[in-house]
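Chemist: Listed below, chain by chain, are the residues.
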Amino acid sequence: MITDLSHDLALDTGAPVNISRRRFLMAAAGASAGAFVLGFGLPIGQARAEGAVVTPGTRVAAFLEIRADGTIRLQSPFVEGGQGIFTAMAQIVGEELDADPATFVVENASPGPDYKVMGTGAGRRITGGSNSVRSSYATMRRLGASARAMLVQAAALQWGVPVGELTTAPGHVIHAASHRSLAYGELAKTALDLPVPAPETVVLKDKAQFRWIGKSVARLDVRAKSTGKAAYAIDAKVPGMVHAAVQHAPRFGMEPDSIGNADAIRAMPGVHSVHLLPGCVAVVAERFWHARRAVEAARVNWREPADPAAIRAMPADFSTEGFAARLAAADGPGDVAEHVGDAAHAMTTAASVIRATYQSQFLNHAQLEPPSALARFNADGTLDVWLANQAPDLFVADIAQRTGLTAENIALHSPMIGGFFGRHFKYAGASPYPQAIALAKAVGRPVKVIWTREEEFLRDTLRPMAVVQFRAGLDAAGLPVAIEAFSACEGPGEGQANRRGDKLDAAALEGVTGKQYAIPHRHIAQRYVKSPMALGYWRSVGHSMNDFFYECFLDEIADKGGKDPYDLRLHLLADNRRLSTLLKAVAEASGGWKAGPYVAPDGSRRARGVAMASPFGSETAAIAEVSIEGGEVKVHDIWQAIDPGTVVNPAIVAAQVTGASALALSQLLVETAVYRDGVPVARNFDGYQVLRPDRMARVHTRIVESGEKMGGIGEPGLPAVPPAVANAVSRLTGKRVRAMPLAGQTVNA
Amino acid sequence: MIKLHVNGTLHTIDAEGETPLLWVIRDNLGMTGTKYGCGIAQCGACSVMIDGVVTRSCVTPVESVADKAITTIEGIEQDPVGRRVVEAWVRHQVPQCGYCQSGQVMAATSLIKAKAHPTDDDINAAMINLCRCGTYTTIRAAVHDLAGSAEHAA
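Chains as they are written, first to last, in our numbering: chain A, 1 to 749; chain B, 1001 to 1154.
If you are wondering where the hints come from, they were derived from the structure by calculation, not from laboratory data. Be a bit skeptical, because a hint or two may be false.
To be verified - One-sided excerpt, in silico: chain B residues whose CB lies under 7 Å from chain A:
1. S1064
2. Q1096
3. C1100
All C-beta atoms, glycine included, are put in the ideal place defined by N, C-alpha and C.
With the hints as constraints, model all of the structure from the sequences given.
Modeler: What follows is the structure, encoded as structure tokens:
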């Protein structure tokens, strides 16, 4: 029997009420609802075949189980990694189901067609792009409403009364005329066997009736996460399991030829076996500590790849310093990403022209849970894998390819994630599941591989580095008439493909493109510079650096034109009601705009900066207040206004904006991934700096609900913060900040 | 064989004396609430209490704590201060991904046990564990709540 990973929420929910059908349906959906499902049900292959014809997000029984005690178990298409999605899903479904979100137990659904609820057509399923709520909002509401209709129908049948005489109150169906009421838990057995109502018959609530959507409902997972009961992939265990640790090739693409001291390694305490695997050596042991000690003692003879270009191998002469110089030296017209008017000509007629060059750094994800994977081959030829991931169906497809198993014979369990920030998409060589699978096959026992922090920092994918050359033309009144940006970089998609695509990688320049300011002539282009670095998506992706570049240069334009940076933005947004409202909102939240420098009550000299961003369908504006203490920037307060159109949970929005602000401060103040001789200089938190508590600022979030199309929440809180802070620092010091991080740069007030 | 007192229960452990306490707790005892984050006492995810004092178990040889009272997150609510800290964490909705929070709760419990009304400086000195989700300000608010003090402007 499997040690159950489904108890993330630490709620003892008792036995399911309608176990026979539920078991079949849960297995059909490939759902990992716990030991009782994993141990029973249809052969998975047969069930999947049945599941293949469904329209995603419509089969109520694939998503919901209502237990006798009223507990509602919901299979979420999106994984919880701290962003609060399980709670949001419970709010959205609960709203239309008429059930208190607090009665929900939410789990990450297994792979399968039911859960590809993002968008229309074939559908897809990732947790990323700040897309979860906005892509599935209507579908998940309809799902809840369908389930409610089925419960009402079941009550009508039981009581022999017309459906029209029935209403619901949270968790109950009510027949007012006869003063009768039935709890959902009492009706579930019948209700979930009823046909799902036709979509056109399902009526959604009016927004004015919302009881939970739009409210700061308490998160469902905080108690479990405050008492150590939340279980992550690294905590997975099954009977008979052994542990494995790996030593990765120092540079990606190298392969192990042999281990010089293999016999000595095998003789170390607790060692079960030693293995050469693609790109690493591994030691299997009964205890992880034994595996780790042994594998770290291995003296491996590595060989260079035969065809380095084919696999994006890391060469021995790569350095981030050298690559930054290559980016800075890139020239030529590049590929046009945005072109409006005639910027080149406008420059020639401008009253004045300014230029500036900006630079960003590579960044690690540095999520606190190191990668791990547990693999188990079962007697019936099926395979179970436990893995932190943001795209279960993609991983299953890859595992199928690697093992020769059909997808139907692979059960992927995706527990909640100890922070992801983009870390757990499917990146080549960046996840331990191929190792766990190979080792489980080799040793004939379940194997859990844990990457030490050092091994993780060797195989993490990084946020790209860019160098952007700006030019702006100003008219006689000091207003910008033209802006040009040439960004030398390689986008994360280009990095993963290891080639330039047919189209531009939108994630490369987003945030330099897509700005809303009324500058009549604009020309934005990418100078593609290939690197050997493994690139990934990092919270807010291209926006994480590009809004820094643009918004800081916009302040330079303001300076050049003799304008206040806030006034200039308002002027350039005069015809954009949504964004001028937002900008005024953040100014008001901060007590009224003032750039400074000024002397604060504690005697420190301070200044403020402002910046805006349009990330992931939302709009943001931030103001930051800084001083300089002991040669370091101290960020006191960040005010951030966010307009995601409509919100589901204001408290979670505030938490996400605060958390994103912390990551933003981290990259601006301290964080950088440096490579020399093809290897990362820092491989743990002693060398790789992330924001520590003493550098955190107070964050004040103001939510503006414009009612526009719903935007994202997880990432949008990041991009406006680095430029707001950098602009404040520039204001205070009189010296422009043009590169991240500030660590290593001299700042003097 | 090493005898360990964990959350009031005596365990007999088969491990080399230099094995880090973290891996004994996680692998030998199967208690996975205590987290591995860095292994070099930088992040604090592995924090436990040894005789009531917060300690980073990833660099603590198990033999060094054989006769000590070890509290892990699984035992936190047996401690009256620990219970208060957990309630404050829930009240303030501190965790996001939650991975560092076992260690954060340990650090806060140790602090309040040592000093019921810590100053800002005490809090700054004690609450130094890393959190990549950026819950630092919420943690601070929860600790101030426990300490019965207002946060001071900085």
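Chemist: Compare the structure with each hint and give your call.
Modeler: We went through each hint and held it up to the structure:
The restraint placing B:S1064 at the interface with chain A is violated, with a minimum CB-CB distance near 15 Å, outside the 7 Å limit. Annotation: interface hint on B:Q1096 holds; nearest CB of chain A at approximately 4 Å, less than 7 Å. Taking 7 Å as the C-beta cut-off, the interface hint given for B:C1100 holds, the closest approach to chain A being about 5 Å.
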